[in-house]
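All residue numbers for the sequence shown refer to this note's numbering, where the first residue is 8 and numbers rise by one.
Since the hints were derived computationally from the structure, they do not count as laboratory data. Predicted model, so just to flag it, every value in this text is computed and none were measured. Some hints could be false.
Simulated crosslink set (DSBU-like; lysine-lysine; CA at most 30 Å straight-line) [unchecked claim]:
hint, residue 1, residue 2
1, Lys61, Lys210
2, Lys210, Lys137
3, Lys134, Lys32
4, Lys21, Lys40
5, Lys61, Lys21
6, Lys86, Lys40
7, Lys61, Lys122
8, Lys122, Lys134
9, Lys122, Lys137
10, Lys21, Lys86
11, Lys61, Lys86
12, Lys21, Lys122
13, Lys40, Lys61
14, Lys122, Lys86
15, Lys137, Lys86
16, Lys61, Lys32
17, Lys86, Lys134
18, Lys32, Lys21
19, Lys134, Lys21
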Amino acid sequence: MPIPEDVTGDEIDKDVRQELQSLPKGLAEDVAKNLVMVARLIDEDPEGAYGYSKVALRLASRVAAVREAAGFAAYANQKYAEALGEFRAARRMSGGVELWPLMADCERGLGRPEKALDMAGASEVHKLDKAGQVEMRLVAAGARRDMGQLDAAIVTLQSPELASNAVQPWTARLRYAYADALLAAGRQGEAREWFAKAVEADKDGSTDASDRLAELDGVDFVDAFDESESEGESEGESDGSRDEQAPVDPEEGGKE
C-alpha cells in the first residue's frame, strides 16, 4: 500500500522504535511507516488502517508492537476474533497486561459476555493502572447489559472514580456509560444529571453526551448549512416567472 511522502517512520513512539531495532534497518523503516499509517487512519478510515496493519504484520509478525497494532486495527473494524488473537499474541510477547480490557471486550463482541465477566474478576485486573481498571469496569458493565442485567451494570459503574469531581481522561466516558445505563433502566431524571456531568468532563467531544442531554431536554437542532441552502433555493425560485411557492417553515429540516 502507498505511503505518503510526509511519513518517515520517525513519528512512532520511542518504545515501538526500540522494539523495531531487532529488525534490519530498511525493514524496520518500512514497518515503522506502516505503523504510522495505522495510527493516522484508525479513527477516520479503519479499513485503510487495517490494510496497513496487514502489511506490517506480513513484514514483522514477531514484533509485539506490530501484533498490537494489528489487533487495534481489527478491533476498529469489528473483527473481534482476529483482534483477540492479535492481542493475545502481543501479550505473550510483551508479558504486559495493558490489553486485558480490550481482550475482554472482544469476548463481548464475540457474544461471550460471561467470559468478559470472568476476565473482569481475574488477577490480571489488579496489575492494571487506574485507567486500565476503569476500562475494565466499563467492559464489565457492558457485559452485564449484554446479559440484560441493567441494575447490576449500574452498580458495577458505581465507584470512587465515578463519584470523584476530578476530571481524568476516562471521566467523560465513565459518566456517559453510567448515564446511559440509568436511562436504559428508566431512571430518566438521574440519567439527565449524569449526561450533564459527562458534558462537563468531555472537553474534546469524545462522546455525544451533549446530544443525548439535548434530546432528553427536548431540544431540536437545525442544520445551519441545510437551512441556508433551503433559503437560497427559495430565493432563486422567487426570482423566476414561475408561480410563487409558500414560504419555507424555518422549523422544517430540524433534527433531534
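Outcome of the hint check:
1. Between Lys61 and Lys210 the alpha-carbon distance is near 34 Å, which puts this suggested pair outside the 30 Å criterion.
2. With a C-alpha separation of about 20 Å, the suggested pairing of Lys210 with Lys137 holds against the 30 Å cut-off.
3. At most 30 Å may separate the alpha-carbon atoms for a hinted pair to count; Lys134 and Lys32 exceed this at roughly 35 Å.
4. Between Lys21 and Lys40, the direct Cα distance comes to roughly 14 Å. Compliance with the 30 Å bound is thereby established for this hinted pair.
5. Of the supplied pair hints, the one linking Lys61 and Lys21 holds, its CA atoms being roughly 22 Å apart against a limit of 30 Å.
6. With a C-alpha separation of about 23 Å, the suggested pairing of Lys86 with Lys40 holds against the 30 Å cut-off.
7. Distance hint between Lys61 and Lys122 is fulfilled; the C-alpha atoms sit about 28 Å from each other, no more than 30 Å.
8. A C-alpha spacing of about 19 Å is found between Lys122 and Lys134, which places the hinted pair at or below 30 Å, so the restraint holds.
9. In summary, the hint linking Lys122 to Lys137 is supported, as the alpha carbons are separated by about 22 Å, within the 30 Å threshold.
10. Of the supplied pair hints, the one linking Lys21 and Lys86 holds, its CA atoms being roughly 28 Å apart against a limit of 30 Å.
11. Pair hint Lys61 plus Lys86 holds up; C-alpha atoms about 13 Å apart against a cutoff of 30 Å.
12. Between Lys21 and Lys122 the CA atoms are separated by roughly 34 Å; this puts the pair beyond 30 Å, and the hint is violated.
13. As the CA atoms of Lys40 and Lys61 are separated by approximately 13 Å, the hinted pair is consistent with the 30 Å bound.
14. As the CA atoms of Lys122 and Lys86 are separated by approximately 18 Å, the hinted pair is consistent with the 30 Å bound.
15. Under the criterion of a C-alpha separation no larger than 30 Å, the hint pairing Lys137 with Lys86 is consistent with the structure, at around 27 Å.
16. Restraint check: the Cα-Cα separation between Lys61 and Lys32 comes to about 20 Å, which is no more than 30 Å; the hinted pair holds.
17. Note on Lys86 and Lys134: the hinted pairing holds, with a Cα-Cα distance of about 27 Å set against a maximum of 30 Å.
18. A distance of roughly 15 Å separates the Cα atoms of Lys32 and Lys21; the hinted pair therefore holds under the 30 Å criterion.
19. Distance hint between Lys134 and Lys21 is fulfilled; the C-alpha atoms sit about 23 Å from each other, no more than 30 Å.
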